[in-house]
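Chains as they are written, first to last, in my numbering: chain A, 1 to 227; chain B, 1 to 425.
The hints are simulated quantities; they were obtained by calculation from the structure and are not laboratory data.
As the structure is a computational prediction, the values presented were derived from the model and not from experiment.
Check each hint, because a few of them may be wrong.
Said to hold, decoys possible - Only pairs whose alpha carbons sit at most 16 Å apart, straight line, appear in this in silico EDC-like list of lysine to aspartate or glutamate:
#  : chain 1 : residue 1 : chain 2 : residue 2
1  : B       : Lys-415   : A       : Asp-55
2  : A       : Lys-134   : A       : Asp-102
3  : B       : Lys-189   : B       : Asp-240
4  : A       : Lys-56    : B       : Glu-420
5  : B       : Lys-15    : A       : Glu-98
6  : A       : Lys-134   : A       : Asp-112
7  : A       : Lys-17    : A       : Glu-61
8  : B       : Lys-205   : B       : Asp-240
9  : B       : Lys-18    : A       : Asp-141
10 : B       : Lys-15    : A       : Asp-23
What the hints assert, rightly or not - Over 10 Å on every C-beta distance to chain B, these chain A residues come out as not near it, computed from the model:
#  : residue
11 : Lys-75
12 : Phe-89
13 : Ile-110
14 : Ser-116
Just so you know, even glycine gets a beta-carbon here, dropped at the ideal spot from N, CA and C.
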Amino acid sequence: MIEVKNVTKIYGKKDNKFKALDDVSFTIPIGASVAILGKSGSGKSTLMHIMSGLDKPESGEINIGGRNILALSQKQIDKFRSRSMSFIFQSFFVQAKESCYDNVSLPLEIADVSSSRRRKLIDEALIAVELLDKKKSRARDLSGGQKQRLAVARAIVNSPKILFADEPTGNLDSITGAVIENLLFEYNKKNRVTLVVVTHDPDLAKRCDMQILIKDGKIAKILGAKS
Amino acid sequence: MRTRDIVIRAGRSLKQAKARTLLTSLAIAVGAFTITLSLAAGSGGRAYTDQIVSANTNVNELSVTKAPPKNQKGPQKYSTSIASTSTALFSGELLTQNDINSIKKIDGVVAVSPNYNPQIRYITRDGQDKYIASISTFSPSVTLKYAAGLTNGDLNIDEIILTEEYVTALGFKNNNDAIGKTVNIVADKLAAPVSAQESKTFIYKVKAISSKSGLAFRSQSSLLISNDSAKALYDYINIDTRNYQNFAVASVTATSAAKAKTVKDVLVSRGYLAQTAADILGVVNTFINVLQGILLGFGALAILTSIFGIINTQYISVLERTQQIGLMKALGMRRRDVGRLFKLEAAWIGFLGGAIGSGLAFIAGNIANPFISKALDIGDIRLLIFDPFSIAIVVVGLVIVSVVSGILPARKAAKLNPIEALRTE
């Protein structure tokens with residue numbers, strides 16, 4: 001269970017103060033798919049950064065599995081992120097000059113996985129996104145859809161518990177976007193991995209179990225929450 | 001993250017920016033080149049002087065002269081009570097027989113022999129031309145290179161060692177032909193009046209032929225005879241002259257090299273100047289060390305310049321890879337590991353520069369060695385000696401220097417805020 005409790009995030013100082021998140025609270029059950037829906041500047045990306053421990057709010061708690069990750073030391077948060085979380089970004093962020101294999105290898109190296117085990121896991125992840133034949137190709141030689149599939153492989157290789165996807169289809173045409181969506185939801189259902197999708201696309205949001213609408217730093221509406 | 005994985009990632013990032021990596025490391029290579037060459041020249045130079053000194057002097061031996069009076073300014077006052085001489089080459093007090101006798105009594109002294117250097121008129125052979133020659137005393141402890149014949153311990157009183165030049169001049173067929181044959185040395189009695197000149201022929205058997213050596217210190221054309229026969233020649237030439245039995249220089253033999261040092265101290269306290277083989281070596285080596293120091297300074301300057309090159313390159317690299325750093329941090333890579341990644345990249349650059357520089361120096365040095373030896377006419381002696389250990393030290397040192405210069409950019413990378421880094425839409 002992920003519990004977001006009274007999170008307030010303020011940017012700027014004194015006269016330029018700006019509340020990006022204003023007392024936001026909600027709960028996500030384990031294995032659910034959740035859409036954080038909102039216009040750009042609504043604070044949805046900030047919320048994702050705080051939920052993953054990348055950013056610290058002025059007040060509030062993020063309880064994951066009963067632990068408030070905001071109270072952890074930097075070292076502990078880093079370790080937690082490398083073991084339990086992963087990310088997919090709108091602009092892929094794959095390393096263009098590296099091979100697909102090395103791209104997928106990065107989270108495993110960070111999590112201290114032995115190299116023999118790495119080989120097996122990377123192959124499995126590449127098979128899951130149907131990129132095994134491109135294993136040795138450089139990432140820059142891939143098409144946009146393939147790059148995002150590579151990013152999905154990188155996100156799932158270390159079997160995360162929570163998968164954050166920030167506008168995962170924003171840079172893709174509708175056909176390749178659908179492929180990525182299917183991959184993510186299949187993975188979510190099959191492995192009971194919590195999927196948090198940040199998007200401004202209502203159609204994508206509708207596919208999720210739960211929709212959290214953010215407007216001007218506040219929760220406007222929560223749809224599909226089981227209470 | 002494991003060190004091995006970081007090292008591999010660091011190497012891979014550099015490979016992806018080949019031109020930049022190579023250019024940055026070339027700056028270090030210039031410094032490594034200079035330093036490696038100057039170290040090689042230094043050790044080569046020291047080895048060379050070491051060989052020269054051991055080939056020409058005996059470690060147990062001291063070369064002794066009379067010290068000028070203390071606090072003397074300007075020329076020395078004449079006194080009938082002291083023996084003195086003044087030539088273009090040597091001016092000052094001479095060692096008298098009394099000096100030699102008293103030196104003999106110093107504890108640890110085995111023998112004292114004045115340097116006779118008899119001034120002969122000429123050397124010749126039956127039916128051949130006459131040639132001028134300089135005569136020196138043979139010392140069994142000094143290593144000579146022979147073209148023919150051999151010496152076994154000291155020379156006998158009637159034996160001589162010729163140089164190769166005299167073999168052809170005196171009409172021998174070749175070096176081996178001369179061995180065992182006799183040569184004549186003619187000397188004048190200096191005290192004899194011009195109206196009734198006296199001269200005597202001394203006959204010597206050729207024992208060996210010394211060949212020209214890059215290590216020879218003394219005049220190449222000196223012919224060598226035993227100390228006893230040098231004394232006999234000297235006595236005949238100089239008897240009844242004013243400075244008979246007064247010598248500019250005497251060689252004192254001590255029981256050991258260590259004893260030579262204490263003997264030296266005693267001699268100095270008694271108003272003599274004494275030099276051991278180690279002293280001579282020390283003087284020459286100081287000179288070499290100063291030269292080497294200057295070269296090393298230039299190398300260090302080149303390294304200093306290259307440090308700024310590394311810092312600049314790494315800063316640019318951090319800026320270019322903001323997004324990559326952000327991703328790595330988002331995936332849970334620790335600050336320390338991000339810093340290590342960039343420091344290790346700097347280490348790779350340093351290693352590459354050090355390896356290229358010292359490798360090129362090694363190749364260039366080995367190509368140049370024969371030419372240098374030829375130009376300086378020192379035979380097959382190599383003046384640049386590359387010590388694998390010091391090359392390793394240079395490379396390791398440069399790796400450390402590079403890591404240190406990589407600290408600032410690495411810190412910038414480690415401190416990067418992942419959110420800012422990933423907000424590139």
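Each hint, compared with the structure:
Restraint check: the Cα-Cα separation between Lys-415 of chain B and Asp-55 of chain A comes to about 14 Å, which is no more than 16 Å; the hinted pair holds. For a cut-off of 16 Å, the pair hint linking Lys-134 of chain A to Asp-102 of chain A stands: about 12 Å separates their Cα positions. Annotation: proposed proximity of Lys-189 of chain B to Asp-240 of chain B holds, straight-line Cα distance about 9 Å (limit 16 Å). For a cut-off of 16 Å, the pair hint linking Lys-56 of chain A to Glu-420 of chain B stands: about 13 Å separates their Cα positions.
The hinted pair formed by Lys-15 of chain B and Glu-98 of chain A meets the criterion: a straight-line CA distance of about 10 Å does not exceed 16 Å. Proximity of Lys-134 of chain A to Asp-112 of chain A is assessed by CA-CA distance (about 25 Å); at most 16 Å being required, the pair is judged violated. For the given pair, Lys-17 of chain A sits about 21 Å from Glu-61 of chain A by alpha-carbon distance, which is inconsistent with the 16 Å threshold. Annotation: proposed proximity of Lys-205 of chain B to Asp-240 of chain B is violated, straight-line Cα distance about 29 Å (limit 16 Å).
Between the alpha carbons of Lys-18 of chain B and Asp-141 of chain A the distance comes to roughly 19 Å, so the proposed pair goes past 16 Å and is violated. A C-alpha spacing of about 48 Å is found between Lys-15 of chain B and Asp-23 of chain A, which places the hinted pair above 16 Å, so the restraint is violated. Not every C-beta of chain B lies more than 10 Å from that of Lys-75 of chain A, the closest at about 6 Å, which undercuts listing it as non-interface. Remark: the non-interface label on Phe-89 of chain A conflicts with the geometry, its nearest Cβ contact in chain B lying 7 Å away (cut-off 10 Å).
Once the 10 Å rule is applied to beta carbons, Ile-110 of chain A is inconsistent with being away from chain B; the minimum gap is 5 Å. The beta carbon of Ser-116 of chain A sits about 13 Å from the closest Cβ of chain B, which is more than 10 Å, so the claim that it is off the interface holds.
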